[in-house]
Structures are given as C-alpha cells and as structure tokens.
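Visitor: Single-letter residue listing:
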Amino acid sequence: MKNSAFAGFLRWLDGDPEILLGAEEMTEQPDVPRDSQKQRIHHLEHVLKDHPLPVPRAFSRRNVRIFYAVVSVVCCLVIISCLLLAVSDLPRFGVEHAEVEEVTEKYVLDGLEETGAVNIVSGIILDYRAFDTLGESFVLFCALNCVLILLRTDSREEEHDISYYSLSGDDVLRKSIMFTLPLVLVFGVYVLLNGHLSPGGGFSGGAVMGGGLILLSTGYGGEVTGRFITERRFKTVCFIALSFYCLSKSYVFFTGANGLETGISLGTPGAILSSGLILPLNIAVGMVVTCTMYGIYRMFKKGSF
Amino acid sequence: MDFVRNFPLFSVALCLMSAVLCSVLGAKPAKWLTLSVQAVNCCLSASVAAFCLCTGESYLYPMGFIGAPWGNELRGGVLEGLIGSSAALVLCMSVLGGVRFIKRDILPAKQNLYFLLINLVGAAVTSLIYTNDVFTGYVFLEILTLSSCGILMIRDIGRTTLAATRYLILNLMGSGLFLLGLILSYDITGHLLMQSMAGSFDLLEQSGEHAIVASVAVGLICVGLGIKSGLYPFHFWMQDTYGSATPSSAAVLSGVVSKGYIFLLIKIMCRVIGIGSPLLEGARFILLVLGILGIVMGSVGAMRQSSVNRMIALSSAAQIGYIYVGIGLGTELSLAAAILQLIAHMLTKPLLFLAAARLTEVSSGSPVFKALQGSGRRDPFAGAMFSAGAFSMMGIPAFAGFSAKLYFCVAAVEYQDLAARWAVLLALAVSTVLNTYYFIRTAIRIWSPIGPAAEKPPRHELAFVAASTVLVALNLVIGLWSGQISRVISAGIEMLS
Amino acid sequence: MLDKLLMNYELAFAVILFGVGLCTLLFHRNMIKKIIGLNIMDTGLYLLLASMGYVEGAKAPIIEDLTNIGEVADYINPVPSALVLTGIVVSVSVTAISLSLAVRLFKKYHSLDLDEIYAIARRQEKEVF
Amino acid sequence: MEAFKIFLLVMLVACAVSVSLTKRLLTSVIIYMCYSLIMSIVWILLRSPDLAITEAAVGAGVSGILMLLTLKKIRRTATDDEAKEGSANEE
Chain A
988 MKNSAFAGFL RWLDGDPEIL LGAEEMTEQP DVPRDSQKQR IHHLEHVLKD HPLPVPRAFS
1048 RRNVRIFYAV VSVVCCLVII SCLLLAVSDL PRFGVEHAEV EEVTEKYVLD GLEETGAVNI
1108 VSGIILDYRA FDTLGESFVL FCALNCVLIL LRTDSREEEH DISYYSLSGD DVLRKSIMFT
1168 LPLVLVFGVY VLLNGHLSPG GGFSGGAVMG GGLILLSTGY GGEVTGRFIT ERRFKTVCFI
1228 ALSFYCLSKS YVFFTGANGL ETGISLGTPG AILSSGLILP LNIAVGMVVT CTMYGIYRMF
1288 KKGSF
Chain B
58 MDFVRNFPLF SVALCLMSAV LCSVLGAKPA KWLTLSVQAV NCCLSASVAA FCLCTGESYL
118 YPMGFIGAPW GNELRGGVLE GLIGSSAALV LCMSVLGGVR FIKRDILPAK QNLYFLLINL
178 VGAAVTSLIY TNDVFTGYVF LEILTLSSCG ILMIRDIGRT TLAATRYLIL NLMGSGLFLL
238 GLILSYDITG HLLMQSMAGS FDLLEQSGEH AIVASVAVGL ICVGLGIKSG LYPFHFWMQD
298 TYGSATPSSA AVLSGVVSKG YIFLLIKIMC RVIGIGSPLL EGARFILLVL GILGIVMGSV
358 GAMRQSSVNR MIALSSAAQI GYIYVGIGLG TELSLAAAIL QLIAHMLTKP LLFLAAARLT
418 EVSSGSPVFK ALQGSGRRDP FAGAMFSAGA FSMMGIPAFA GFSAKLYFCV AAVEYQDLAA
478 RWAVLLALAV STVLNTYYFI RTAIRIWSPI GPAAEKPPRH ELAFVAASTV LVALNLVIGL
538 WSGQISRVIS AGIEMLS
Chain C
30 MLDKLLMNYE LAFAVILFGV GLCTLLFHRN MIKKIIGLNI MDTGLYLLLA SMGYVEGAKA
90 PIIEDLTNIG EVADYINPVP SALVLTGIVV SVSVTAISLS LAVRLFKKYH SLDLDEIYAI
150 ARRQEKEVF
Chain D
9 MEAFKIFLLV MLVACAVSVS LTKRLLTSVI IYMCYSLIMS IVWILLRSPD LAITEAAVGA
69 GVSGILMLLT LKKIRRTATD DEAKEGSANE E
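Residue numbers (this note's numbering), protein chains in the order written: chain A, 988 to 1292; chain B, 58 to 554; chain C, 30 to 158; chain D, 9 to 99.
It is possible that part of the hints are untrue.
Using 30 Å as the maximum straight-line C-alpha spacing, the simulated DSSO-like pairs for lysine-lysine come out as follows [stated by the list, open to error]:
hint: 1; chain 1: C; residue 1: K155; chain 2: C; residue 2: K136
hint: 2; chain 1: A; residue 1: K1289; chain 2: B; residue 2: K85
hint: 3; chain 1: C; residue 1: K136; chain 2: D; residue 2: K13
hint: 4; chain 1: D; residue 1: K13; chain 2: C; residue 2: K155
hint: 5; chain 1: C; residue 1: K33; chain 2: B; residue 2: K160
hint: 6; chain 1: D; residue 1: K13; chain 2: C; residue 2: K33
Derived by calculation from the structure, the hints in this document are not laboratory data. It should be emphasised that the depicted structure is a prediction, and the values quoted were computed from it without experimental measurement.
Based on the sequences and whatever the hints tell you, model everything.
Guide: What follows is the structure, encoded as structure tokens:
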C-alpha cells in the first residue's frame, strides 16, 4: 500500500515532486564535507545502476514518459488556442492605433527637443523611462553576482581546466580572430558612442564589445585578456560605472521631480557631444554590460578571472 | 514641494548604492552597511506613511522632468509607506537574527555577495511597493526573483541547489505569464502608467471592445503573480525552498519576497482594473477558491511534515491562502483584513524560522521533531520566541495573527454571497483547529523534559535576542492596537483606488 | 475569428512561439532544454510586443531630417522597442544564472535530467540518515 | 517581402519545435542560435534596428556561447570523473 498509485497521488498533493519513488522521509540534509559527498554520489550511482529504484507499476518510467509527452502536447495546444482566441480580438496588426497615439506623439515630436537624442528609442530608455533602465542594469549586476556565487572556485584544484579546452593552439582560429577582432571592437565602440544618433546604445554596444573580449580570450587563452583585465580592475570598473549611473540618475530624478535646474546642457542635436547625460550614461551602461558579459564568460570557463 | 515626498526615491537609490558598495567591501563592513541602510529605509518609508496620513492624500512622484503618462512615476501613500517600512524592518531583523547562520552556511569569500543580494532584494521590494508603472513593476519583479534565488542558492549543498532550480523555473514561468498579461493590456490600452491604464480600461469596459483580451490579460496577471507568491496548487516549492535555505534567507523569502508580489497584485487590482470591476469577477472567484483550498491543504500538509522547518514552510501556504481569500472577497473590509494578515505574517514567519534554527542547533543539528524533544529547555529564549510566533500563528488574542483572523471573520460575516461566506468561515475554523493542533504539538515537544542528553547551549548573542524581541514586540503592538492599525489600513485602501 | 487571425498572423506566430517555449520550459526534463525553452518563450513575448508597435510603411524611430521631424505616423511606435530592449537584457541575465545552476547541479548530481537528480537526491538523503 | 516574413516566422516555429524534439543537446543549442539569428532578421523587418543589433549580439552571441560552454564544462566534468574512476580501479 505504501507504494501504490494512490499513495503516490497523495504525496503529490502534499507537494512531493517525485511520485516515482516509494514513501520515504524527506528530511533535511546536513552539511557534508565536499569530498565525502562526491564519493557518496559515485557510490550512489553504482547502486542506482545495479538496483533500480522501487517503482509502483502504474508509474513505470515508460508510462510516465508517455504521460509527460501527452500532457505537454495537450497543455501546449490548450494554451496556444486560448491565446489565439485572445489575439484574434486584438487590434489590427500594422496600423497606427488611436490608443497609443497620445503617448507616442510626445516621444516622437518633442523627444528631440526634450532629450536631444536623435534615436527616439535611446531617448525613451535613458530619459523618459530611465528608472526601468536603471533597474535593468541592476538585473545584469545581480546576474553577474549570482554567477560569481555559483561558479567561482576559490581553491586551486580546478586550475588545470584551462589547458584542457582552450583552443589557443589553433592557428586558423587565431588568424581569423586577428582579422575580425578589431572590426568587432570598433563596431562595438561605434554602436556604443553613437547610441543617441543611430541604432544601438549601451546595451548593444556593450554586448558586442563583450563578445569581442570573449573572442580574444577564446583564441589566445585567458592569460592574454587576464593581463589587462585583473579582478581588481574588473571590480573597479563595474563599481565606478554603476555608481555613476545610479547617482547621476538619482540626481536627475530628484531635480526633475522638484522642478530644479540640472545644469546639464543638451547641446546641438545630431552632434556626437550632445543630448546631455545620454552619452555618458551609454558609456557607463556599456562598461557594465561589457564587464558582465566577459565576467560571466570567465566564470563559466575557468571559475576565476 | 515637501521634502518628505522624495523619500521613496531616496530609499530605492540608497539600497541600490549600498548594493554596489557591498561588491567592493569585505563581509563585515558589508553587513553593517546593509543593516544600517535597511534601518534607514524603514524610517524613510514610515515617514512617508505618516506624511500621507497627516495630509490625508497620496501623491505621485515623477521620475525625471516629465510625469504621466510619458515618464516613470512612483506613488507614495499610507499603505505603501506602511508595507515598505515593515518590509525593510523585517529584512533588517532577519539578517540580524541569522548572522551566525550566515557565517556558518556561507563561504567567507562570498559573504559580502550575500549582503549585496539582500540589498538588491530591499531595493526591488521597495520599488515594487512604490511603483506606479506596471513595466517598472516587471523589471523589479525580475530583480526580486533573481536576487531571492541568489540568497537561496548561496548555501553550497545539493538540496539547496535543487530547490533553487525549481524555485527559479516556477518563478520564471510566473514572470512570463505576468509579462504576457502586461503586454496584452498594453496592446489594448496603450499605457503603462497605472492611472492612465485604469482610464483606458474604464473606456474599454463602457464600449465593450476587446473584452476577451482584457479578461485574458487580467487572468494572466493574477495567475503569474499567484504562482510567484505560492498560491495553492503552486505552493509545492515552499517546503524544499524554505526548508533547505540558510535561516535568514528562508525568513527573507517567506517574509518579504512573497509579500512584495502580493502587494503588487493588490495594487494592480485596485488601481488599474478596479476591485469591483466585472472584468475581475472571474479572477476573483478563482483566487477565492484557490485561497480556501490553500488554507485547508496547506494546514493538512503542514500537519503531516516530520521536521519543523518544513512544517513552518507549509504553514506559509495556508497563511498566503488567507491573504488571497481577502483579495478574492474583494470588499473593503476583506482587503483591510488581507493587508493586516500580510503584515502579521511578515512579522511572524521570520521569527519562527530564526527561532526554529536556534532550536535545531541545540538538538544536534537535526530539525526532525524527534530530535527537538526538550530543546526549549536547552535554549529557553529561543523556545519562548518560537512559542510566541506559534501563538500568533494559532490566533491567540493579543497577537497579530488573532486580529487578522478576527477581521477575516468580520469581513466574511458581512459578505452578501451566502455560499462564499460559509465556505470562508468553515475554512477559517478548520485551519484554526489544524494550526492549533500542529503548533501545540510542536510546543509540547520542545518544552517536554525528556530528550537527548543536554548539550552545551550556544552563547546567547545580542543580535538574535534583539531581532526576535523587536519582532515579537511589533507583533504584540499590532495585536493590541489592531483597531488603530486597521483604521490606518482602511484609510490607505481608500487612497489606493 | 479565423479571418481576424489571418490578418494578425504575426501575433498568432508570436503566441505559438510563446506556447511552445512555455511547454518546453515546463515539461522537458533536461535543464539545458528548459533554458532554451525559456528563451523561446521570452522572444515570443517580445515579438508579440514589438509587432503591436509596427506600422505598415513607417520608418525606424530615428529622426533623419532634424529640421523636419514629420508626423507621428511616419515612425513605428518606439515604446515597444524600448521595452523589448529591456526585456532582452533581462532574459540574458536569467539565462546566465540558470545555466550556472545547471553546471552546479551537474557537479553535484552528475546529471542534467531533473527526474534523475531528484532520484539521486532522495537516495543520498536516505543514506545520510 | 510579406512572403519572406511569413517564411521567417514559419522557420522560427520550426526551430522552436525542433529544439524540444532533438536528442543531442549540442544540436538543440545550435538550433537555438539559428533561431536567434532569424529573430534578429525579423526585428529588422519590423523596423527595429536597435533590437536587431542587441538580439544578434546577445541572443545568438553571448547566450549561445554560454550554452556551449556549459555543455563543454559538463562533458569535462563527466570525463574527469571517468578518468578518476579508472585510476581508482587500477590502484
């Protein structure tokens, strides 16, 4: 009775995800030193291989798999048809909608004057809706720190990882990177600095530059990039860029809400040094994004900078 | 313009800046920075609440030169201030009370990252509470999800990683559904600010256009936030998550994070759709049913657990069920009861988690009930604190939990629909009986004299004593002066719509 | 309904992508596939958002002639673009975190299949006690 | 142009479905990278060049690389353990 389908169902009601297994105490696992845990896993895997788990007949692996597949397809179809029903009721695609006109009108017509940005999207994300964007860079910052928590290795035991899968001996890769890397970096810098004039901005430019650094470190090994991106510098750049972003935007929010003058001139629209804070903010965001992308890559690859 | 109006901006900026600072500080300065920033944050929010209570009206705060409907906005009001200050306080106390466990569970090199994430949680919750723009709500929702997942998985054992994975997947599904709801409502209204959206929803309701999209969008928003906050059928991650995290993280996750989602839902319901709107009727009915089911099933599930922290975790499902019942009934009284319950639960759960962690510590580290026998005698202070929390959960008079339950009863009795009224009252009765049963059982176990050989009790540190005393004191304050507090809450709810 | 759907075919495709992604996220047992499903779900959402801002025959929201901005209807709606930009960055952060969780899980349990991982975790617990 | 757009959208759905049907993880990661590239073309057709640049750099570039690295890391861990087991057996 303990392993019957009904008992499994009851356990599932209680929030037990693993209906395949018999009733067992779910108890908290105390801290076990790393090594012994590893050995235990090895041992367990053998045990699992030799003696498969006691599984009630109604829930055999095969049945469960089929059940999963059927449920997922049915769910998928139900969700899609519900949403299609909703979508068919939406306003028509590809025409200007009266509802949004009130809001977009101001962005398009007054945006240039109020923010100084030729690229209206840049004006929106770094001026009108800057609080969202501030949050967005902190999402990246949070992701970087979570990855640091998970993948950073403090011991030296995994150092030998680097040599194993770095391709830095490969001539074809090196040569092609030598040709493409300058282009990638120049493109990234261009996209970053012209964020207020042409498509792009801090996020896209930063991602392109981060991609360039990743290329360099793939081709020439981590030592080359590690020479000029040390952990200290990495942290400093992140710190300066984020605190500049946070402080300057708080200042703008504060003055704006209180009706004070910011003392930041917008310059001539269309010039590279224009549109007030948007250019420095783009640079700050770009640095954060570059650092984040590269840092996450290093964490995945090696576990340290 | 009064200077107090800037306080919401200050508290968000303060939290974000201290998060950035924590990334370059060591563990110890980061801890003090976090604690003091959260304390300041609490004071700032409390003064916002006091200010709004004095002037008698809420205010809008444009983020930048251009306000509605073009730029982002914050909104300050009594409810926002009240919940913001209690969230910051609970965050501060959970960290303070669990400092020893943080030192025990987390590698020294990564402790400053823990405080960084706590700051991000604070910033995200504060902005979720104050925001007046639904998309800002989404962005900070994601920060809250990621940082809460971070404080969960920072403990380096397999169970926690597994729990974090499941927590992350469910939460991402919830945010996906929430975002879809937002997108659909943006498509039909063309606005992202709450009051402009509300105007468009009113117009749509009158003209009857896009009725299907509107109801699907409302349903998706409710379901998304329900999944994230642990509404009944989606409560199954709780026991693993809260059971395996370091006690401070469990306290923060149950006390602050889930409440942030719920408050956002209440705000969207009241300010965007209108709590009495016919669009919301279906969603409210579903929330009511799921809430009642959550109360009953959560209590039954908690009763069947064999270890104390899993029991506390599952009783959260029941407590969150109460809040959803309050939202589902949708009268002013029931909303006030829901918010009172929200605050009461916010103050009680961290206390229980922290005290249970102490009791576990003196029982050779095992949270199973058998091992806990007599632990209250080994560490009387923690035992007393646990009992106080349990009393509040059971609904003993003079504690916050009692007044919340009382207001629920009043709200249910005054509800027109007979079936709903009796269902709610019955669920309340059943869950009170079950709550009393399993908390009394635990209390008897921890105070009973027989047990394993006495171990040397850990040194009583000031941090835990201070944190739990503050939490119990606030619990008593809310319980004893519940009339005044519920008047403040009703004033806040009136301001909300 | 069907003729309306045909007119709104972009939105219909976006919704289908969302559904497929959501089900991959929910029902696939492999972590990596779950993560890919998550990304597909998100891009479906962004497609839905951005196609609502599209205006037939309009230009990208970048002002070419500074002296003569033109009319609102000359440009597509810039707001969805701004929102989607935010969203894309959020989803890459989420991807990074969930991938590192997958790596960590693999280190602990030597599997990416969540069902198997649960089985191993349970066995382990039984052994500890 | 309309036909091209429909073709791209159909390809997107095909990629999305085939991700969950393929057996090998490497294949599904590569399919996902293709998906992102197609998506960035769709963004251009929708007149959002900002999104196209970001999607190409982030979706196809960085996310894809991270997924590939994850696969590599996982295979590395697996082979490492096999090697250790082998040496343990020899002893």
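Visitor: Can the restraint linking D/K13 and C/K33 be considered satisfied, given a maximum Cα separation of 30 Å?
Guide: With a Cα-Cα distance of about 18 Å, the restraint between D/K13 and C/K33 holds, given a limit of 30 Å.
Visitor: Decide if the proposed pair is consistent with the structure: C/K136 and D/K13, CA atoms, cutoff 30 Å inclusive.
Guide: violated (43 Å)
Visitor: For D/K13 and C/K155, compute the direct alpha-carbon distance and say whether it is at most 30 Å.
Guide: violated (56 Å)
Visitor: Does B/K85 sit within 30 Å of A/K1289, going by the straight-line distance between their CA atoms?
Guide: The hint holds at about 28 Å.
Visitor: For the pair we were handed, C/K155 and C/K136, check the Cα-Cα distance against 30 Å.
Guide: holds (20 Å)
Visitor: Holds or violated: C/K33 with B/K160, Cα cutoff 30 Å?
Guide: Roughly 60 Å separates the two Cα atoms, so the pair is violated.
The earlier numbered hints that this structure contradicts are 3, 4, 5.
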